[in-house]
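Asks: Sequence:
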Amino acid sequence: MSTKRRVLTMVATLATLTGCTIVPASGNPPTASEEERGGDILSQTYVRILASPPRPDATAVEIVRGFQAAMASFDDPQRKIARQYLTGAAAASWQPWAAATRVCDCRFADDLPEEDAEKFIVSFKGRQVGTLEAGGRYRAASEGTLDEAFTLVRVNGEWRIAEAPQGLILLRTDLTRAYAPVEIYFPNPSFNGLVADRVRVPIDPSRGLPESLIRTLLRGPTGPLSGAVENVYPKGTELNGIEIEGDTLYVDFSSPIAALRNSPDRIKAMKAQLAWSLGTDRVGGRYIEILVNGEAFPGGGMRFKPTEYPTYNPSVITGDAAGYFVRDGRMFRVAGKDEEQPAAVLGAAGQPTRPFNHGAVSAEGRDQVAALMGDETGVWVTQMVAGSPWQRWINAQGRLTPPSWDREGQVWAVETAGGKSQVWRASTVGHQSPVLAPELENANVSAFRVARDGVRVAVVADNGAGQTVQIGSIVRGPTYRVGALETLVPPEEGQKVVDVAWRDATTLLVLTEKDSPNGPQQALAAYPIMDGDEKTPIELSKRLTSITSTDSRILASDENGAVTVWDGKKWTTLVDDGSSFPAYPLG
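Per mature numbering (1 follows the signal peptide of the UniProt record, and there is no 0), the sequence shown runs over residues -25 to -1, 1 to 562.
No lab work stands behind these hints: they were computed from the structure.
Note that CB positions come from ideal geometry on N, CA and C, so glycine has one too.
Label-pair distances were calculated between CB atoms; the ranges are:
#1 GLY259 - ARG341: 31 to 37 Å
#2 ASN535 - ARG341: 30 to 36 Å
#3 ALA392 - ALA234: 47 to 53 Å
Capping the alpha-carbon separation at 16 Å, the derived lysine to aspartate or glutamate pairs in EDC-like fashion look like this:
#4 LYS544 - GLU514
#5 LYS395 - GLU414
#6 LYS243 - GLU283
#7 LYS243 - GLU205
#8 LYS100 - ASP85
#9 LYS100 - ASP80
#10 LYS517 - GLU488
#11 LYS280 - GLU264
#12 LYS280 - ASP222
#13 LYS100 - GLU118
#14 LYS395 - GLU416
#15 LYS94 - GLU138
#16 LYS94 - GLU133
Modelling step: build the complete structure from the supplied sequences, incorporating the hints.
Replies: Next up, the structure:
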């Protein structure tokens, strides 16, 4: 056994023996204890949920409260203590993981049974705020109620639960104390960029958060990302342990990971995946070194800095990126610094030869413009290079949504005709391809925006109940498919979705409008798409017609043709009038 392997084994053993002080809980419900586990990245401050068995003199309500609280205890992964609150038959039939874990703002009824009662029912009611799915994916519930009943009987004079709902039920406070929200990253199918997946990692007292995070990473993506992204780690790869020694964080995996040694693209993506998931804030200025069963990675080792992989950024661009807009039939570029004057782009898009609208700009370096023209049944593309002409990449019979680029250089649009919709993609002239999207076939689609990570999509569609904003994913392969759509903004009577734009890889801007006695009223908000966090309203001073964004700046056009920029605090006018269709690359 190598020295490094012996050290890792010793550290793992010590962590098991000395991870935390056990704080006994003498009463009911379990005790929450805040503990410090040291000052390095392998430790964290957390609130520990300590389950305690039922007291001999516990009332019926105390039994049910103790049972619910014991559901949140990760010192008891098999929920053995929780089962002590159940009758023998109920304990045998209760399945904590039979369904997604429900999270609620609930309370127990505090009615008391008759003194000589042998059976009693305790109700548990409130608002269900979300669900926690297998793998740790949390989904907020916009509305919903939880109404459950626990039937209790006396067993040898003590109350026990004879009938309990299947699955776990957590209070919102349980979720906050017992789970840490983290973002883990997976490569796209081309292995040239990452896609973020947010999960809730249970706080395990025997492990640090980085260890729990890596073990979650090895299990693969959750929800809509399943099938749409890659997990480079070979099947069967396990984490043996992690350790800090000097300026290096050692991550020791089992032998299947060595199968990557002859796949340089996958190795690079795997290192980026680990670096971005651990994050520079956890690793600090240290190196990361990957070991295989305590030994150096085959072929000369694998030691790297987490900061070596900026090109894998899921958001691709930053607030310093140049913006674009259309004026007098020409596209203009405005640099990230406001003091520079807009300049017409090169190529056909910068010449007033053919009127176009809804210009979209490809990734920096590709320097292509896609736009609609005339009756909006075609997507035309030109390069921002002198002499480059317009070419028709997508040809449709019905009206197309404004085009959207992905980071692979493909342009996307949705055709709607006769109550049916068809998604199209094209990578060059004469090579358009239909994309399967069964959930959109019978919808009226007015916007389709590929996220900068190249995997997620935002769709504005109306299935007859009003416009909704949905988030889905692209599955790439021999047959492309758009699916796994989930509603981000539900339909609302009288509400119109004016425009949507990706702010970054996990945040979507949504501009809506509703009629009122004082005229149309607009609202602009940033919606986190992964974890059900609350939207963030953005103040408006003018009525806007279209928006685009980077991670820190919003470019918008208003009804008077002015182009303005939001820097997070105020709107500043860039162009007074006569302009429209602002665009950031891959926006």
